[in-house]
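2 protein chains.
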Amino acid sequence: MIAVVASTHWLTAPQERAWRRYRRMRTLLDLQIARDLSRDSGLSEADYDVLSTLSEKPEGRWRARDLAAQLLWSTSRLAHHVGRMEQRGLVARQPCADDARGALIILTEQGQAALRQAAPPHVASVRRHMIDLLTADEVAALDALAGKVITHLVGEVPAELPPR
Amino acid sequence: MIAVVASTHWLTAPQERAWRRYRRMRTLLDLQIARDLSRDSGLSEADYDVLSTLSEKPEGRWRARDLAAQLLWSTSRLAHHVGRMEQRGLVARQPCADDARGALIILTEQGQAALRQAAPPHVASVRRHMIDLLTADEVAALDALAGKVITHLVGEVPAELPPR
Numbered sequence: 001m002i003a004v005v006a007s008t009h010w011l012t013a014p015q016e017r018a019w020r021r022y023r024r025m026r027t028l029l030d031l032q033i034a035r036d037l038s039r040d041s042g043l044s045e046a047d048y049d050v051l052s053t054l055s056e057k058p059e060g061r062w063r064a065r066d067l068a069a070q071l072l073w074s075t076s077r078l079a080h081h082v083g084r085m086e087q088r089g090l091v092a093r094q095p096c097a098d099d100a101r102g103a104l105i106i107l108t109e110q111g112q113a114a115l116r117q118a119a120p121p122h123v124a125s126v127r128r129h130m131i132d133l134l135t136a137d138e139v140a141a142l143d144a145l146a147g148k149v150i151t152h153l154v155g156e157v158p159a160e161l162p163p164r
Numbered sequence: 001m002i003a004v005v006a007s008t009h010w011l012t013a014p015q016e017r018a019w020r021r022y023r024r025m026r027t028l029l030d031l032q033i034a035r036d037l038s039r040d041s042g043l044s045e046a047d048y049d050v051l052s053t054l055s056e057k058p059e060g061r062w063r064a065r066d067l068a069a070q071l072l073w074s075t076s077r078l079a080h081h082v083g084r085m086e087q088r089g090l091v092a093r094q095p096c097a098d099d100a101r102g103a104l105i106i107l108t109e110q111g112q113a114a115l116r117q118a119a120p121p122h123v124a125s126v127r128r129h130m131i132d133l134l135t136a137d138e139v140a141a142l143d144a145l146a147g148k149v150i151t152h153l154v155g156e157v158p159a160e161l162p163p164r
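Protein sequence lines correspond, in order, to chains R and H.
So that you can map any letter, position 28 of the first sequence is 28 in the numbering used here, and since no number is skipped, the others follow by simple counting.
So that you can map any letter, position 126 of the second sequence is 126 in the numbering used here, and since no number is skipped, the others follow by simple counting.
Only chain R is shown next, with the shape it has when bound in the complex (with noise of 0.2 Å):
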């Protein structure tokens, strides 16, 4: 008789240890790009990033839910956060009467200045504490690897660079 015995099938050795080394370069590098952003530009990553997205498109302007959808955010998120951006005079609203997820979030002229004055200390953020670091292999097996878990969990690749 055998006896079977239901048992994980946890991670080899080396899995383990890349899975380690990624959750801990994730943390580290969030907090140092979050602290020179900071510093640099007064901008959280949070702005940073709705300022960029918003920049993607010519004319500065996303419906609500799709700026929500394309940061990952879940609506009551994104407004809330831009309800404060908005105070600062970063982006605008457009309310629309019979749909709040359907209003237009706007980038303003101080918007654009703001994200222009915090994009190249951003660069030189992110190239000095990953990208430069990295050979071109690294870079190339970084976007293959990411590609395949993003496919796998969206189900759809990003979509296509944006032109600057």
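None of these hints come from the bench; they were simulated from the model.
Predicted model, so just to flag it, every value in this text is computed and none were measured.
The C-beta atom is built at its ideal place from N, Cα and C for all residues, glycine as well.
Watch out, some of these pointers could steer you wrong.
Chain H regions said to be covered by chain R (calculated; three or more residues, Cβ under 8 Å) [claimed, not checked]: (1) 9-16; (2) 123-134; (3) 137-148.
Counterexamples of contact, computed for chain R against chain H with all Cβ distances above 10 Å [stated by the list, open to error]: (4) Gly83; (5) Pro95; (6) Ile106.
Place chain H on chain R using the hints.
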């Protein structure tokens, strides 16, 4: 006469794509792993991180300041989070009258049981949404590149894997 213009060293197209995909993977994966963990075990990622880190020491106890440093949390974040876990019986605290940061955080039997129950579905979730999607070369590349970033950011490689 040569005009010298200070210019930003923007990312190349492959670098920018890798950076964007890394960030999107991070966000999607965090959401999915947290969703699975909550559904399967009723734990948050922060709960799981505290429990699994405590379990790495044979006696299941850490000084609060060391645990905070290991998790890359502020001591106040740790104190708040551990306070809530204590109310659920997952950890206990042995305060140190002279030095709050020197207090001991202890894994309870209930916390051990919760971790034992949570670990198998959590590992399955990590496999399903990331590790099993990757080739051995991609796992090795992720390990190597994360190691470089971590070394740069903390000036030391992460501790070796603890024994199971």
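Structure-based check of all given hints:
With 7 residues carrying a beta carbon less than 8 Å from a beta carbon of chain R, the region 9-16 of chain H meets the three-residue requirement, and the given coverage holds. Only residues whose C-beta sits within less than 8 Å of a C-beta in chain R count toward coverage, and the region 123-134 of chain H has 9 of them, enough to reach three; the restraint holds. For the region 137-148 of chain H, the proposed coverage by chain R is satisfied: 12 residues have a C-beta within less than 8 Å of a C-beta in that chain, meeting the threshold of three. Taking the minimum C-beta to C-beta distance to chain H, about 22 Å, the non-interface status of R/Gly83 holds against the 10 Å cut.
Once the 10 Å rule is applied to beta carbons, R/Pro95 is consistent with being away from chain H; the minimum gap is 27 Å. Interface exclusion of R/Ile106 from chain H stands, the closest Cβ pair being 23 Å apart, more than 10 Å.
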